[in-house]
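*Asks:* Got chain B sorted already, so can you dock chain D with the ligands onto it with the hints?
If you're matching them up, the sequences are chains B and D in order.
If you count the first sequence from 1, position 279 lands on 279 in the working numbering, and the numbers rise without skipping.
If you count the second sequence from 1, position 184 lands on 184 in the working numbering, and the numbers rise without skipping.
Keep in mind the hints are simulated off the structure, nothing from the lab.
Errors might be hidden in some of the hints.
Distance condition first, Cα-Cα at most 30 Å in a straight line; then the derived DSS-like pairs of lysine-lysine [to be verified]:
1) B:K46 - D:K151
2) D:K207 - D:K280
3) D:K345 - B:K198
4) D:K168 - D:K246
5) D:K294 - D:K38
6) D:K37 - D:K289
Stretch by stretch, here's where chain D covers chain B in the computed footprint (C-beta under 8 Å, at least three residues) [unchecked claim]:
7) 71-84
8) 89-100
9) 105-119
10) 242-253
Even glycine gets a Cβ: it sits at the ideal position worked out from N, Cα and C.
Read off the chains here:
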Amino acid sequence: MSTETIKTTYREAIRAAIREALLRDERVFLMGEDVGRYGGCFAVSKGLLDEFGPERIRDTPLSESAFVGAGIGAAMGGVRPIVEIMTVNFSLLALDQIVNNAATILHMSGGQFNIPLVIRMTTGAGRQLAAQHSHSLEGWYAHIPGIKVLTPATLEDARGMLRPALEDPDPVLIFENGLLYNMEGELAADAGAVDISKAAIRRSGKDLSLITYGGTLFKTLQAAEGLAHEGIDAEVIDLRTLRPLDTATIVASVGRTHRAVIVDEGWRSGSISAEIMARIMENAFFELDAPVARVCSAEVPMPYPKHLEDAAIPQAPGIVAAARRVVRGHE
Amino acid sequence: MPKMVIETCSVEWLQILDEDGICDEELRPPLSNEEIKKLFESMVLARTFDEKAFKLQREGRLGTYASIYGQEAAQVGSAFALRPADWMFPAFREPGASFVRGLPIHMILQYWAGDERGSQIPEGLNDFPITIPVATQIPIAVGVALAAKVKGDPIAVMAYMGDGATSKGDFHEGLNFAGVFSAPVVFVCQNNQWAISVPLKRQTAAKTLAQKAFAYGFPGIRVDGNDVFAVYRAASEALNRAKAGKGPTLIECLTYRLGDHTTADDASRYRSREEVEQWKTKDPIRRLKKYMEKRNLWSEAYDQAVRSNAKEKVERAVRVEESLPPPDPRDIFGFTFEELTAELKEQMENFLKVDGKERSESKDVLYG
Ligand SMILES: Cc1ncc(C[n+]2csc(CCOP(=O)(O)OP(=O)(O)O)c2C)c(N)n1
Ligand SMILES: [Mg+2]
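Chain B extracted, bound-state conformation (with noise of 0.2 Å):
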């Protein structure tokens, strides 16, 4: 690997990500709602339809039952869609589509019919788009047997996730967190496709582990950093896939550390979150020196005013008070 690196934010590295793809393939092509003239409604998109033209960069009618569910014939017929959905919202009106076909069809069929079909959609709160645009679902879908669920934080991972989601033969869904589009970074100039089996420590810690994924990376990040000048040494783990989940990292974590809080920007009552818990219940109990702690976001719609909205998510002062308390046990 080459140590050269380009500036590029996560909206850039998903583009480049889709660009090689169209390139390297000529099955793939991308489809959904005002994905072709507009450039997608976050932007994703822009400027594919020029260099790709209107069989590649499909615009489709408004009507997510339906580009979803062609998403998995399409795919069944021999060519490699990708389909972008607005926002997770809105995948709720294909979530028959997705929970009842993509994620049984192999099954139904009697291991017949794969779906190799890719599902990208935004996920997420903190731009003052209200409750209806705002709700982080990802936990949800990793409850469904059939489907793959990532969440790419980084840019190495915005850049890399695509082509292993398009060369496995399963459904994959791909939640892009609305706040990181424009987070710019350096990316090796050679980046390409990472490997998706795996959670990723992201910073080295002996003293509790932090464990979350997608949009709380980074503020997990900040907030490790200000543990650091208490002087509590964290560890952060990116789960970076929700399903299947990588139980032996997070484990093996909890086992060095004996302490771990989960950040999720999801619901807490039945969630991911929740899971993360069981796991480190039923697999690492007696390692554990204190009660397993989580931030989440509040259990409401999600506000419309941004201080609200900032307040009912989680953030960096909220993740490091919680991490005092596991340490030390008050505060």
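*Replies:* Leaving out everything else, chain D with the ligands in the frame of chain B:
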């Protein structure tokens, strides 16, 4: 400014063979005598199968079963127009069509007996398994058609649905999408006038289902669904249209569900005997028989031979189905992902043991 009519739509009704077996020779599709016999034999097979499946269920040898009694022409006529390379998406009431396509008879029995291996479509048969969630197969079928178009495959897709399905969002979204992209797909709606206990007038205030196609920008036609020639003709024309790049067609086959919704239903609770008896006079098999008799294609001896042949095929399928070993408990884990994930592997290993014993050796055998 005066008001003007800027668009009108008209719905054609196609009937070629009437209830008395009188045929409009000008409209009759150019089928050879052998092909006409094949249509007859396929409908007899479908009905023979239906009667047997019903009995098996009553004897406790099948779980549930959805009868096709009365709908044989709609299924056989449409599937007969398909080529092997075309794709076929059934709803859940199309064994008549599946047999024409070449699905082994025992597999439909297997499915309704609760053995999912009945959905393992044999290699080389471009059929999708039965879809139970109503209408959800429609957008998927459209996607397969879109893929064919993208790849330049000279094929078309046929998607079946009931009248109840036309009220679903997937019907609207799927047909609209197909219209926009001019996908090579033919929608065959078996309007049997009932969706469980809900009559057609509770599904729509529209006069026909066929007219819905006009709103999506492609033709819709209503055919006599008990007239195998009319169904075949409409299906052939629609498939040719699709393959010529002219886009989708909706074919509404007006027919009637002579049986209960499924073996778990008793239709006498919600519809009159007179209505059912009235529809029995429109029997699709009888009218083709009358026509064939006039053309010297039918005789008592031929009829006997066709029926005993069908019976034999069905009995053989029952024997095959009932002699299959039960599915391995392992099978339920095999097809969630292409490769077993670590967490599923662990769950499977636990599942395979009951009280420390192998599940397959215990009384708890799944499907056992
Ligand atoms: C989405 C969905 N809703 C409800 C059902 C339960 N259900 C099974 S069959 C059926 C009626 C279907 O009627 P129709 O489309 O006319 O087909 P038919 O049974 O007449 O062949 C219903 C309501 C279902 N399977 N899927
Ligand atoms: Mg019906």
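*Asks:* Quick check: do three or more residues in the segment 242-253 of chain B have a beta carbon closer than 8 Å to a beta carbon of chain D?
*Replies:* holds (count 4)
*Asks:* Count residues of the segment 89-100 of chain B with a Cβ under 8 Å from any Cβ of chain D, then say if the count reaches three.
*Replies:* Answer holds; 3 residues pass the 8 Å Cβ test.
*Asks:* Quickly compare the C-alpha distance for K345 (chain D) and K198 (chain B) to 30 Å and report which way the hint goes.
*Replies:* Status holds; Cα separation ~17 Å.
*Asks:* Can you take a look at whether the segment 71-84 of chain B is actually covered by chain D? Rule is 3+ residues, C-beta closer than 8 Å.
*Replies:* holds (count 10)
*Asks:* Are the Cα positions of K207 (chain D) and K280 (chain D) separated by 30 Å at most?
*Replies:* holds, 23 Å
*Asks:* Is the Cα-Cα distance between K37 (chain D) and K289 (chain D) 30 Å or less?
*Replies:* holds, 10 Å
*Asks:* Taking only the CA atoms, is the gap from K168 (chain D) to K246 (chain D) under or equal to 30 Å?
*Replies:* With Cα atoms ~25 Å apart, K168 (chain D) and K246 (chain D) stay inside 30 Å; holds.
*Asks:* With a cut-off of 30 Å on the C-alpha distance, tell me whether K46 (chain B) and K151 (chain D) pass.
*Replies:* Holds, because 25 Å separates the two Cα atoms, which is no more than 30 Å.
*Asks:* For the segment 105-119 of chain B, do three or more residues have a beta carbon lying closer than 8 Å to a beta carbon of chain D?
*Replies:* holds (count 9)
*Asks:* Quick one, are K294 (chain D) and K38 (chain D) close enough, alpha carbons at most 30 Å?
*Replies:* With Cα atoms ~17 Å apart, K294 (chain D) and K38 (chain D) stay inside 30 Å; holds.
Against the hints set out earlier in the document, no violation occurs for any number.
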